[in-house]
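Take the sequences, apply the hints, and build the full model.
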Amino acid sequence: MTHTDLSPHLHTDKCNQMVELWRQCRKDNFFKVMVGYCNSHYDAMADCLKSERLARRAENQRKARESKKRISERIKALELEEEKKKQEA
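Read in order, the letters of the sequence shown are residues 1 to 89 in the numbering used here.
Quick caveat, the hints were computed from the structure, so don't treat them as lab data. The reader is advised that the hints may include incorrect statements.
[To be verified] With beta-carbon atoms standing in for the labels, derived distance ranges:
no.: 1; residue 1: LYS32; residue 2: ARG53; range: 27 to 35 angstroms
no.: 2; residue 1: GLN24; residue 2: ALA58; range: 30 to 38 angstroms
no.: 3; residue 1: LEU10; residue 2: ALA89; range: 51 to 59 angstroms
no.: 4; residue 1: THR12; residue 2: ALA89; range: 55 to 63 angstroms
no.: 5; residue 1: PRO8; residue 2: TYR37; range: 43 to 51 angstroms
no.: 6; residue 1: GLN87; residue 2: LEU54; range: 48 to 56 angstroms
no.: 7; residue 1: ALA58; residue 2: HIS9; range: 20 to 28 angstroms
[Claimed, not checked] Using 16 angstroms as the maximum straight-line C-alpha spacing, the simulated EDC-like pairs for lysine to aspartate or glutamate come out as follows:
no.: 8; residue 1: LYS50; residue 2: ASP13
no.: 9; residue 1: LYS50; residue 2: GLU82
no.: 10; residue 1: LYS14; residue 2: GLU52
no.: 11; residue 1: LYS14; residue 2: ASP43
no.: 12; residue 1: LYS14; residue 2: ASP47
The structure displayed is predicted, hence computed values, not measured ones. Where is the CB? At the ideal position from N, CA and C, for every residue including glycine.
The following block contains the structure:
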């Protein structure tokens, strides 16, 4: 299993707490880790990171739609302006 960069500035406080719990579990239970002792902490952390990623993706999609709409409107306005210039000439 892989996960994203765990740098604290990239995540919410909630996910940062889960990352810290997972890291602390691995540190405190070195040998138990080999039999999956910290898997529940890892799974909770991974779920939190996934929910953050999905929220970022949804927000980026919304921003992209808005940007695309603004660009389309600007292109239409420029085309109308060009059309008027052709008619006036």
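Hints, one by one, checked against the model:
Remark: the range hint 27 to 35 angstroms for LYS32 to ARG53 is upheld by a beta-carbon distance near 29 angstroms. Distance hint check: the CB atoms of GLN24 and ALA58 are about 31 angstroms apart, consistent with the given range 30 to 38 angstroms. For the pair LEU10 and ALA89, the beta carbons lie near 55 angstroms from each other, so the given range of 51 to 59 angstroms is met. Distance hint check for THR12 and ALA89: the Cβ-Cβ separation is about 58 angstroms, which falls inside the suggested range of 55 to 63 angstroms.
For PRO8 paired with TYR37, a C-beta distance near 24 angstroms fails the hint of 43 to 51 angstroms. Restraint check, GLN87 to LEU54: a C-beta distance of roughly 49 angstroms satisfies the suggested window 48 to 56 angstroms. Here the CB-CB span from ALA58 to HIS9 is close to 21 angstroms, well matched to the stated 20 to 28 angstroms. For the proposed pair LYS50 and ASP13, the alpha carbon gap of about 15 angstroms is at most 16 angstroms, so the pair holds.
Only pairs whose Cα atoms come within 16 angstroms are accepted, and LYS50 paired with GLU82 is rejected, the gap being roughly 47 angstroms. With a CA separation close to 10 angstroms, the supplied pair LYS14 and GLU52 stays within the 16 angstroms bound. Proximity of LYS14 to ASP43 is assessed by CA-CA distance (about 14 angstroms); at most 16 angstroms being required, the pair is judged to hold. A distance of roughly 11 angstroms separates the Cα atoms of LYS14 and ASP47; the hinted pair therefore holds under the 16 angstroms criterion.
This entry does not satisfy hints 5 and 9, going by the numbered hints stated previously.
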